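*Asks:* Sequence:
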Amino acid sequence: MTSLGTPGPDPTARDVLRPLHDLLDAMDDQIAAVYARHGVAGVRPRFSKALIRLHRHGPLTIKALAGHLGVTHSAMSQTVTAMRRDGLLDSAPGEDARTRTVTLTGAGRALVPFLEAEWRATEAAWAELDAEVPYALTRVVDDLRRALTRRSFADRVDDHLGNPGPGTPAAGAAPATGRSAGPPPGGR
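Note that the sequence shown covers residues 1 to 188 in this note's numbering.
Please note: incorrect hints may appear among the correct ones.
[As the list claims (entries may be wrong)] Below are the EDC-like pairs computed for lysine to aspartate or glutamate, each with C-alpha atoms no more than 20 Å apart in a straight line:
#, residue 1, residue 2
1, Lys63, Asp90
2, Lys63, Glu95
3, Lys63, Asp25
The set of hints was computed from the structure by calculation and includes no laboratory data.
Given the structure is predicted, the values throughout are model-derived calculations rather than measurements.
Please work from the sequences and hints to get the whole structure.
*Replies:* Spelled out as structure tokens, the structure:
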């Protein structure tokens, strides 16, 4: 029992996604090491896609750049702030007072050839790694997406809470089929 009186062990001690997060973090660290070996200092791997997209599609508003990358406006705004601080981007007021337009600086543009080459090399390394293991990550993702289309993650969580949500079969009832649940969750 905890000091707040909650019975049982800490439920966060078990985290089935932690090994995947750790693996992705370690791979990201290795990409950063590749950057360092090639003389690219102070640039985080998470910046590369934004810098490439700005080079190819810019200038863009923060909202448009967030849309290109599939992240929230808030997350993109924080990333843009970090890249501005690192001298990779400039920003200026957009067409109205609520928007900001982002452009690459000379330093940002100078990185793009390396970042594009690294992106292609990383994709090739992923494909090689995917082919090396008996059950490819791309297959796992496709299989999970199909399973979540058949039955949403929210419904599965509700079942384990003992509180079935809408569209979830009641205990003992036959499971629903053919119901689209939308895209899988982006994380915890």
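*Asks:* Would you mind marking each hint as holding or not holding in the structure?
*Replies:* Verification of the supplied hints:
About 15 Å separates the Cα atoms of Lys63 and Asp90, which keeps this hinted pair within 20 Å; it holds. Pair hint Lys63 plus Glu95 holds up; C-alpha atoms about 13 Å apart against a cutoff of 20 Å. With a C-alpha separation of about 26 Å, the suggested pair Lys63 and Asp25 falls outside the 20 Å cut-off, and the hint is violated.
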